[in-house]
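Visitor: Now for the letters of each chain:
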Amino acid sequence: MLQQYAGIGAMLIIAIVFPIIVIAISSIVRPKKAAKYKYETYECGLETQGETWVQFKTNYFMYALVFVAFDVETVFLYPWAVKFMSLGTFAFIEMFIFIAILVIGFWYAWKEGALEWN
Amino acid sequence: MIGLGHFLVLGALLFCIGLYGALTKRNAVAVLMSIELMLNAVNINLVAFSRYLTPDYIAGQVFAVFTIIVAAAEVAVGLAIVIAIYRDRLSVELDDFDWLKW
Amino acid sequence: MSDAVFTVAFYVFSAVTVLAALGVVLKKNLVHSALLLILAFVGVAGIYVLLQADFIAAVQILVYAGAVAILVAFGVMLTKRGDIRESNLANRQKWPALFVVAGVFAVIYALLGQTNWGPLAAAGPEDSVGILATLMLTDFVVPFETAAILLTVAMLGAIVIAKEVKNSK
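Residue numbers (my numbering), protein chains in the order written: chain A, 3 to 120; chain B, 82 to 183; chain C, 1205 to 1373.
What the hints contain is simulated information worked out from the structure, not anything from laboratory work.
All values derive from a computational prediction rather than experimental measurement.
Just so you know, not all the hints are guaranteed correct.
Once the Cα atoms are required to be at most 20 Å apart in a straight line, the calculated SDA-like pairs of lysine to any residue come out as [stated by the list, open to error]:
#1 Lys85(A) - Ala140(B)
#2 Lys59(A) - Asp169(B)
#3 Lys85(A) - Asp1331(C)
#4 Lys1231(C) - Leu175(B)
#5 Lys1231(C) - Ala1213(C)
#6 Lys59(A) - Asp1331(C)
#7 Lys85(A) - Ala1262(C)
#8 Lys1231(C) - Val112(B)
Whenever a hint applies, use it, and build me the whole structure from the sequences.
Guide: Now the structure itself:
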């Protein structure tokens, strides 16, 4: 079974080695003239003012929370789907209860305004 | 030949690194990250035991799935608490979270 | 897969995991720590593949390297204060903590050497997803449904805690 991962391993090695080769070649070939304007953020347009590390809105975190809950739900859905035919009705009811509980949570999150952007 | 012992030593190493981070970090988010590392070490142990000791009845992998779920829930609630405290105190330094002391 | 490839793969994934974990703990910049945490999770996923737990490896990538990493990244961005380059410093307990951690590792290592694990299986499970699904929906039904409740409660609790205080109507 582990042989099937040989392709992924080969892909991984290529994905690591290829960028190294390209960056090495470009660092050999490229011109190395230092100029003042080369190190500015934009070649044209306004200069940035103040800190670039600003605090984000909490709303992002709300979306991430709901995403995590349903991301984890997929973890349970997938093996159930693989074995759906052999597990039968009882497993279907179990999964129905499982999703129902999570939908209640989703409904409450919606009601609480976690998905509103303000 | 890699055996059960190698995976357990890896798990122990990862757990100890996480423990060190959880004990020494000032930032609450960094402590949560260290706790995630410790939970991962436990998962490695569970999966390694189920692979080498009970390959036909992989209850260890089921435990690992539940551990991952609990870890996701834990990090969600933990970060929510950190954000709520940050809004109040404007700090994530654990040394500042001392107002339960008298 | 031959033993040599397995050995090399184990040491590569172990090195990636342990070095990334060390980076998480020792880096002074919290953003670097968060990114290295993702690398550590991916390394652990590789270890799961070597343990013939494909499904756990996929879950590891999906939940840890996907969802938990996003949560942690938002946690970092939402609680930023002061200089980001000095955002992840150690407290005064550095040396006592090192002492404790070394002790814990020594105890675990000594116990590992002494324990007799009994007969070890030569081959792992062939169809881990199938066995897992059957186990989870027959023997572990109650934890399965409890996980749904836990997820719902955690999601709602986190939303209630993290939300801005609502204006009373």
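Visitor: Look at each hint and say if it fits the structure.
Guide: Comparing the hints with the structure gives:
no. : hint                    : result
1   : Lys85(A) - Ala140(B)    : 17 Å, holds
2   : Lys59(A) - Asp169(B)    : 15 Å, holds
3   : Lys85(A) - Asp1331(C)   : 11 Å, holds
4   : Lys1231(C) - Leu175(B)  : 18 Å, holds
5   : Lys1231(C) - Ala1213(C) : 26 Å, violated
6   : Lys59(A) - Asp1331(C)   : 44 Å, violated
7   : Lys85(A) - Ala1262(C)   : 17 Å, holds
8   : Lys1231(C) - Val112(B)  : 13 Å, holds
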